Every structure is written in C-alpha cells, then in structure tokens.
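Participant: Chains as they are written, first to last, in the numbering used here: chain S, 1 to 128; chain P, 1 to 105.
No lab work stands behind these hints, which were simulated from the structure alone.
It is possible that some hints are incorrect.
[Said to hold, decoys possible] Under 10 Å between C-beta atoms, here's a sample of chain S residues computed to sit facing chain P: (1) A50; (2) Q116; (3) V118.
[Claimed, not checked] Taking lysine to any residue and the SDA-like style, the derived pairs with C-alpha atoms no more than 25 Å apart in a straight line are: (4) K61/S with P100/P; (5) K115/S with V51/P; (6) K115/S with R41/P; (7) K122/S with L72/P.
Note that this is a predicted model, so its numbers are computed, not measured.
Here a beta-carbon is modelled for each residue, glycine too, at the ideal position from N, C-alpha and C.
This is what each chain is made of:
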Amino acid sequence: MELEIIFISEPILTGPAVLPSREIGSVLEFQGLVREMEEGKALDGLFYEAHEPMARRILEKHLLELQERHPVVSVLFMHRLGWVPVGEASLVIRVLSSHRAEGLAFLAEAVIRLKQDVPIWKMAAAPS
Amino acid sequence: MALAGEVGAADRAEMALGFALGHAMEGSTMEITILAFAHARENFGFSSRIVTCDPEESPRALLSRIAPGVDLRHVAVALDSEYVSWDSPLGQARELALIPPVSGG
C-alpha cells in the first residue's frame, strides 16, 4: 500500500487522483469541514494542534492494521493544523482501491480510529 | 606469566564494569522534556518543560512532584510517542507527553 500522511498549515488542495495502476476501480475522498456551530456557539473557525511525530506514528499503525483487513492500493491522509476557517477542510482522506467495498470500509474505520487516540486537538481559539 | 596477565586483565575489566554499574545505579538522575498539549497546557500551566528525574520514577510521581494537585484523570501519558500507564517507570525516555482527550478530524 502506498501511504502518505501530511500535516499542513495551508488550505488543503488535493487535485485529481493519480492512478498507480489500471486496476484502480474506486477513488474515494472524504473531506471533513469546519462547521459554524460548535456546542451551540457560532464560530469563525477552529484551531488545530497535534503532537505531530506521535500522531504520525499512531496513524501509520492504525492504517497499516486496516490495510490487513481491507486491502486498498493507496491512501493519502492530510490533516490541517493551525487556524481553519468555517467551510474549509480540516481533514482529507483519499483512498484508492480495486473495489469499492474495501475502500469504503477502510475509509469509515480510518475516521473512527483517528478520533480514538491520535493526538490531534481542535480548539475554539488559538492558544494565547 | 601469560595466564597471570590474562587473569589480571579480566579482573581489571570486572572492576571497571562493577564501578560503571555501581556509578550508574548510584546517581542515576536524568533529564526529561515534558510536553503539554491543548487543555493539558492550560491545566498544567506550561507547554514544554525540562525536569530532572529518576528512571525508576513513574509519570504519576513526576507530575505530582512538579504540578501537585493537578487532576490527571482525564489526561493520558506517552513516553517517546508511545502511550504508557501512569504508573510505569520513565526508564530512559527523553520525552513525556501529556495527552488530553483527542479531537482531531
């Protein structure tokens, strides 16, 4: 599996998927956007921070485990850090696979695992 | 003579090893960098701090020494980017991270 994990402080721009082979039958891209309402309050955006080396290590472990159960060909995982305005993506996961079933299962479980123990945090305001 | 020489060298090596081990066990303090993220930074009052500690000391003992009274119940701890129990020894870790509940995505 090709795996790329990127933390970025600029808006996430993915562009069209580059197909690594002619056996790719499914391209899935999930974008998690910052919404205006958070716990009943209207926000302009959210501030994200991470323990980046640890987040990368734990994500790699999770995604390689998922690959064993749902074999996919390529995974691009991008998470924004710093200030992210409402309407912009804080997270993009793109999964390329031969068939849709393993791609959909991989993607769904990747998002669940991200929220379990990967050291990334969102806050209503930047730290003072 | 050759035999006596070998024994002598072995004895010296053993003495040197014994000294090194005794020295390491006797004054075994080290420095560790503590990182506090997100809400943990607010609760502990710092984002990064270097402290002197003992390899046998646990993260719980270390934090109660430098930040007495801070509630550890909702904070996980990692040594060199690996989650560990609050009561495991620090060992030779160079970094201790205080990990409040995560909220990525």
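Participant: Now tell me, hint by hint, if it's right for this structure.
Facilitator: Each hint tested on the structure:
The interface hint given for A50/S holds, since its Cβ lies 7 Å from the closest Cβ of chain P, which is under the 10 Å cut-off. For Q116/S, the interface hint holds, the least distance from its beta-carbon to any beta-carbon of chain P being 8 Å, beneath 10 Å. Here the hint on V118/S is kept, as its CB sits about 5 Å from the closest CB of chain P, short of 10 Å. Of the pairs offered as hints, the one joining K61/S and P100/P holds, with about 20 Å between alpha carbons and a cut-off of 25 Å not exceeded.
A C-alpha spacing of about 31 Å is found between K115/S and V51/P, which places the hinted pair above 25 Å, so the restraint is violated. Between the alpha carbons of K115/S and R41/P the distance comes to roughly 20 Å, so the proposed pair stays at or under 25 Å and holds. With a C-alpha separation of about 20 Å, the suggested pairing of K122/S with L72/P holds against the 25 Å cut-off.
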